[in-house]
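Enquirer: Line by line, the protein sequences are chains A and B.
Throughout, this note's numbering is defined as the position within the first sequence, counted from one, plus 8.
Throughout, this note's numbering is defined as the position within the second sequence, counted from one, plus 8.
Just so you know, these hints were derived from the structure itself, not from any lab.
Just so you know, not all the hints are guaranteed correct.
Cβ-Cβ distance ranges computed for the label pairs, FRET-style [to be verified]:
| # | chain 1 | residue 1 | chain 2 | residue 2 | range |
| --- | --- | --- | --- | --- | --- |
| 1 | A | L211 | B | D171 | 56 to 66 Å |
| 2 | B | E287 | A | K256 | 29 to 39 Å |
| 3 | A | K52 | B | K138 | 36 to 46 Å |
| 4 | B | L223 | A | K256 | 50 to 60 Å |
| 5 | B | E42 | A | L279 | 44 to 54 Å |
| 6 | A | G278 | B | K29 | 49 to 59 Å |
Dumping the calculated DSSO-like pairs for lysine-lysine here, alpha-carbon to alpha-carbon at most 27 Å [claimed, not checked]:
| # | chain 1 | residue 1 | chain 2 | residue 2 |
| --- | --- | --- | --- | --- |
| 7 | B | K256 | B | K222 |
| 8 | A | K68 | B | K138 |
| 9 | B | K68 | B | K225 |
| 10 | B | K62 | A | K93 |
| 11 | A | K96 | B | K113 |
| 12 | A | K113 | B | K113 |
| 13 | A | K67 | B | K96 |
| 14 | B | K113 | B | K55 |
| 15 | A | K216 | A | K144 |
| 16 | B | K273 | A | K96 |
| 17 | B | K113 | A | K144 |
| 18 | B | K113 | A | K93 |
| 19 | B | K29 | A | K93 |
| 20 | A | K113 | B | K84 |
| 21 | B | K67 | B | K268 |
| 22 | A | K67 | B | K93 |
| 23 | B | K67 | A | K138 |
Sample of chain B residues lacking proximity to chain A, with all beta carbon distances greater than 12 Å (derived) [said to hold, decoys possible]:
| # | residue |
| --- | --- |
| 24 | K96 |
| 25 | D200 |
| 26 | L223 |
| 27 | H245 |
| 28 | G258 |
| 29 | K260 |
Glycine residues also receive a C-beta, built at the ideal position from the N, C-alpha and C atoms.
Number of protein chains: 2
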Amino acid sequence: MERHSQPTYHTKESKLKAKTKLTILKLGGSVITEKEKPLTPNYKAIKRLSREIKESNIKKLVIVHGGGSFGHPIAKKYDISSGLKNEKQLLGFSETHMAMVELNKIIIESLLGEGVPAVPISPLSFIINKSGRIWKIDLEIIRRLLDMDFVPVLYGDTVLDTDLGFTILSGDQIASKLAIELKAERLIFGVDVDGIFTGDPKLDPSAKLIENLKLSKIEKLNLDFSVRGFDVTGGMHGKFMEAFEAVKFGVKVFVVNARKPNLIKNALMGLPVRGTLIEF
Amino acid sequence: MERHSQPTYHTKESKLKAKTKLTILKLGGSVITEKEKPLTPNYKAIKRLSREIKESNIKKLVIVHGGGSFGHPIAKKYDISSGLKNEKQLLGFSETHMAMVELNKIIIESLLGEGVPAVPISPLSFIINKSGRIWKIDLEIIRRLLDMDFVPVLYGDTVLDTDLGFTILSGDQIASKLAIELKAERLIFGVDVDGIFTGDPKLDPSAKLIENLKLSKIEKLNLDFSVRGFDVTGGMHGKFMEAFEAVKFGVKVFVVNARKPNLIKNALMGLPVRGTLIEF
Numbered sequence: 009m010e011r012h013s014q015p016t017y018h019t020k021e022s023k024l025k026a027k028t029k030l031t032i033l034k035l036g037g038s039v040i041t042e043k044e045k046p047l048t049p050n051y052k053a054i055k056r057l058s059r060e061i062k063e064s065n066i067k068k069l070v071i072v073h074g075g076g077s078f079g080h081p082i083a084k085k086y087d088i089s090s091g092l093k094n095e096k097q098l099l100g101f102s103e104t105h106m107a108m109v110e111l112n113k114i115i116i117e118s119l120l121g122e123g124v125p126a127v128p129i130s131p132l133s134f135i136i137n138k139s140g141r142i143w144k145i146d147l148e149i150i151r152r153l154l155d156m157d158f159v160p161v162l163y164g165d166t167v168l169d170t171d172l173g174f175t176i177l178s179g180d181q182i183a184s185k186l187a188i189e190l191k192a193e194r195l196i197f198g199v200d201v202d203g204i205f206t207g208d209p210k211l212d213p214s215a216k217l218i219e220n221l222k223l224s225k226i227e228k229l230n231l232d233f234s235v236r237g238f239d240v241t242g243g244m245h246g247k248f249m250e251a252f253e254a255v256k257f258g259v260k261v262f263v264v265n266a267r268k269p270n271l272i273k274n275a276l277m278g279l280p281v282r283g284t285l286i287e288f
Numbered sequence: 009m010e011r012h013s014q015p016t017y018h019t020k021e022s023k024l025k026a027k028t029k030l031t032i033l034k035l036g037g038s039v040i041t042e043k044e045k046p047l048t049p050n051y052k053a054i055k056r057l058s059r060e061i062k063e064s065n066i067k068k069l070v071i072v073h074g075g076g077s078f079g080h081p082i083a084k085k086y087d088i089s090s091g092l093k094n095e096k097q098l099l100g101f102s103e104t105h106m107a108m109v110e111l112n113k114i115i116i117e118s119l120l121g122e123g124v125p126a127v128p129i130s131p132l133s134f135i136i137n138k139s140g141r142i143w144k145i146d147l148e149i150i151r152r153l154l155d156m157d158f159v160p161v162l163y164g165d166t167v168l169d170t171d172l173g174f175t176i177l178s179g180d181q182i183a184s185k186l187a188i189e190l191k192a193e194r195l196i197f198g199v200d201v202d203g204i205f206t207g208d209p210k211l212d213p214s215a216k217l218i219e220n221l222k223l224s225k226i227e228k229l230n231l232d233f234s235v236r237g238f239d240v241t242g243g244m245h246g247k248f249m250e251a252f253e254a255v256k257f258g259v260k261v262f263v264v265n266a267r268k269p270n271l272i273k274n275a276l277m278g279l280p281v282r283g284t285l286i287e288f
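Please model the complete structure; the sequences and the hints are all you need to start from.
Expert: What follows is the structure, given as structure tokens:
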């Protein structure tokens, strides 16, 4: 009787709901690597975050991670982001990608070790940029992986570019693009600060965390972020320009400190956490 | 005057010629790994072959390598090739892929070390199969890499499959597909035997190497190959079924012993080498 009282369209609706409840988690390079030490992963943070992802019990998730001290120093050395200018860069292009593959491998193995069915998808292998922006991307494999309950894992990477020859595609741009194209409910940026402040909290003691940021009011705020080290893909300002793109398409964007234990776990579970929620 | 006496279409023709002179090199898993020892690369062979590829000075080249003792044991353990049957396989699917990523990394680093601008392309990230055969593949990135004088490197891999959920895609199938779709001039199989024999040379002392194999005569020959160990992707017979597909499309297929020094180098240079040439 119970089965009969439940019409088919309810099942369909709940399936649809489950599909729309996708979360994109961007893990910043400064969280998962020792940003000042070349090619040095932060194993402790990677292990803790893998466990938090497992414990959150989240079902539909795509992870995108940054390059930190893996991708950036080599990309900078060979000047990859501004495009192909000479033959010497060819080896540097591949070396930069290989550094990212290495970092990705550490993250995938950590996730698998916790029982998260993470599958790496190489941006270089399926994305083409045009003047630095994603121009061609086929999401069928990622959609199918999600349908099978895999957790696709992408990363900031070297990619081909129709105008520049090649370039660097930031994890932030990928995360935002995926959130828009896959109609994600939420895009969570796990960063190394507590969120977006009214000023630089290290220089200005009166700087306050903005807990709710309305995109329509953005012009009026004096936004400042504590940016450490270097980041060829744009640092915090670049990150939030990408985030705003997703916000415009109705994605809820959270900025959360991934260095502090359990914030990512709680954010994935939908529990309230200290950070910045960006909405239109 | 010289410039005027050389009409534009000649330039175009030579460009076209350069483009059609693509070579696909398949390196067998039994050549680049210790096939009987799980997860053991044959560093000596990898280094020698990287140097041979560099020394051949070949310009338009795609490399595809097999899994050997990296991909196969894990794929077998989780029964990946016959498709998705239970949730436990999800981790095994990813573990199999990661083993291939690890082997590929060793090969890429060896090639880069010799100055070959090798770029890894992950089959899992851009190919979808249907009942075990390649169903969806976009070759734009590989074409663009070749235009920029990169050497794309692919490998036998775990891929999604519209009917099976997922499966194993052999390096042989990839190599043959690329040869056909990219209109390669040659497809060279670097294997651990001298070529195709009239019988098993280890069991039958009268077995002779077939130097020229006409596909149209294939039904009449008693083909036997020395197959060692196990190969979930089909072994020698599977390999030549893939090769024959390319031959039908006009690709010249060579089977050469990649364990013997300089045979791959000479084959890449177009010099005569002992082996089997397969034609229609």
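Enquirer: It remains to establish, for every hint, whether it holds in the given structure.
Expert: Hint-by-hint comparison with the structure:
1. L211(A) with D171(B): 56 to 66 Å: The hinted range 56 to 66 Å holds for L211(A) and D171(B), with Cβ atoms some 60 Å apart.
2. E287(B) with K256(A): 29 to 39 Å: Check failed, 58 Å falls outside 29 to 39 Å.
3. K52(A) with K138(B): 36 to 46 Å: Cβ of K52(A) to Cβ of K138(B): about 43 Å, so the range 36 to 46 Å holds.
4. L223(B) with K256(A): 50 to 60 Å: 57 Å, holds
5. E42(B) with L279(A): 44 to 54 Å: Between E42(B) and L279(A), where Cβ atoms are some 50 Å apart, the hint holds.
6. G278(A) with K29(B): 49 to 59 Å: 57 Å, holds
7. K256(B) with K222(B): 11 Å, holds
8. K68(A) with K138(B): Within the cut-off at roughly 24 Å; holds.
9. K68(B) with K225(B): With Cα atoms ~31 Å apart, K68(B) and K225(B) exceed 27 Å; violated.
10. K62(B) with K93(A): Measuring from Cα to Cα gives roughly 22 Å; hence the hint holds.
11. K96(A) with K113(B): Holds, because 20 Å separates the two Cα atoms, which is no more than 27 Å.
12. K113(A) with K113(B): Judged against 27 Å, a Cα distance of about 11 Å means the pair holds.
13. K67(A) with K96(B): This hinted pair holds, its Cα atoms lying about 16 Å apart.
14. K113(B) with K55(B): Holds - the C-alpha atoms of K55(B) and K113(B) are around 13 Å apart, at most 27 Å.
15. K216(A) with K144(A): 40 Å, violated
16. K273(B) with K96(A): 24 Å, holds
17. K113(B) with K144(A): 26 Å, holds
18. K113(B) with K93(A): Given pair K113(B), K93(A) holds - Cα atoms ~26 Å apart, limit 27 Å.
19. K29(B) with K93(A): Cα-Cα ~25 Å, so holds.
20. K113(A) with K84(B): Roughly 22 Å separates the two Cα atoms, so the pair holds.
21. K67(B) with K268(B): 23 Å, holds
22. K67(A) with K93(B): Measuring from Cα to Cα gives roughly 19 Å; hence the hint holds.
23. K67(B) with K138(A): 26 Å, holds
24. K96: 10 Å, violated
25. D200: With a cut-off of 12 Å, D200(B) remains clear of chain A, as the shortest Cβ separation is near 27 Å.
26. L223: 33 Å, holds
27. H245: 30 Å, holds
28. G258: Given a closest Cβ separation of 28 Å, the condition holds.
29. K260: 28 Å, holds
Of the numbered hints given earlier, the model fails hints 2, 9, 15 and 24; all others are met.
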